[in-house]
Amino acid sequence: MADTGKAGWLARRRRYRRGAFGILAAGIAGFVIGISIDYPVVGVGIYWAGFVGFFAVERWSPVELFDERDCALERRASYDALRLTGAALVVLAPGASVLEETGRYEIPRAVEGAFLGYVVLFAVFGITYLVRRYRP
Amino acid sequence: MKNELRAYRDEEDMSQADLAEGVGVSRQTINAIERERYDPSLELAFELAAYFDCRIEDLFDPEVDEI
Numbered sequence: 001m002a003d004t005g006k007a008g009w010l011a012r013r014r015r016y017r018r019g020a021f022g023i024l025a026a027g028i029a030g031f032v033i034g035i036s037i038d039y040p041v042v043g044v045g046i047y048w049a050g051f052v053g054f055f056a057v058e059r060w061s062p063v064e065l066f067d068e069r070d071c072a073l074e075r076r077a078s079y080d081a082l083r084l085t086g087a088a089l090v091v092l093a094p095g096a097s098v099l100e101e102t103g104r105y106e107i108p109r110a111v112e113g114a115f116l117g118y119v120v121l122f123a124v125f126g127i128t129y130l131v132r133r134y135r136p
Numbered sequence: 001m002k003n004e005l006r007a008y009r010d011e012e013d014m015s016q017a018d019l020a021e022g023v024g025v026s027r028q029t030i031n032a033i034e035r036e037r038y039d040p041s042l043e044l045a046f047e048l049a050a051y052f053d054c055r056i057e058d059l060f061d062p063e064v065d066e067i
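Chains A and B, in that order, give the protein sequences.
Here the first sequence is numbered in our numbering, starting from 1 and rising by one per residue.
Here the second sequence is numbered in our numbering, starting from 1 and rising by one per residue.
Don't take every hint at face value.
With beta-carbon atoms standing in for the labels, derived distance ranges [said to hold, decoys possible]:
(1) B:GLN28 / A:SER61: 53 to 61 Å
(2) A:ASP80 / B:ASP61: 24 to 32 Å
(3) A:PHE125 / B:ASP39: 24 to 32 Å
(4) A:ILE33 / B:ARG55: 52 to 60 Å
(5) A:PHE122 / B:SER41: 22 to 30 Å
(6) B:ARG55 / A:VAL111: 34 to 42 Å
(7) A:GLU58 / B:MET1: 28 to 36 Å
(8) B:CYS54 / A:ALA88: 42 to 50 Å
(9) B:ASP61 / A:ALA26: 43 to 51 Å
Read the hints as simulated data drawn from the structure, not as lab findings.
Note that the coordinates shown come from a computational prediction; the quantities given were computed from them, not determined experimentally.
Virtual Cβ for every residue (Gly too), placed ideally from N, Cα, C.
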């Protein structure tokens, strides 16, 4: 049987994952607390620091925090999320526009913003797809 | 994908965590492969075969229909 020399790998991975997600949670908690005690700038700073800390641990930890199945699940979930939002955009956006044009319905600004957000999301998807296709 | 991972693991009397530790993935990944809910990458399949000192075809059956 091959000795892959990875003894203790799982325990180290668990430690680093806990650390990374702990930093992230602290950042989010700092944001909420900062907002609630009227220190919004400090809260946002802690929030950003939490994300920077999370990605720093992920980037420089000596063990992989996410294995290939984690990455596969993330890809699948992203794909499903895009399909769901895409279906919503295809069905709802033109329908709502037609109803508004015919004077039967006025699209709330929040819904308009959501549609615009979807359009931006798919535009970003299209650009990243092309980048990945031609510069893998 | 059908596989004999559990049989090989049982033969070595090792836990999913032991195998996960040995090949550098999580225990959940080993569990998902054994339950045929996740097909490993070629790299991991080779790693598993090397770990058990067998061929990939001994571990995994792609169920490809004969033409």
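Tested hints:
1. B:GLN28 / A:SER61: 53 to 61 Å: Given range 53 to 61 Å: violated, Cβ gap about 19 Å.
2. A:ASP80 / B:ASP61: 24 to 32 Å: holds (28 Å)
3. A:PHE125 / B:ASP39: 24 to 32 Å: Holds, at about 25 Å.
4. A:ILE33 / B:ARG55: 52 to 60 Å: Given a distance of about 57 Å, which is inside 52 to 60 Å, the answer is holds.
5. A:PHE122 / B:SER41: 22 to 30 Å: holds (29 Å)
6. B:ARG55 / A:VAL111: 34 to 42 Å: violated (57 Å)
7. A:GLU58 / B:MET1: 28 to 36 Å: holds (29 Å)
8. B:CYS54 / A:ALA88: 42 to 50 Å: Holds: the Cβ-Cβ distance is about 48 Å, inside 42 to 50 Å.
9. B:ASP61 / A:ALA26: 43 to 51 Å: holds (47 Å)
The structure fails hints 1 and 6 (numbered hints given earlier, in ascending order).
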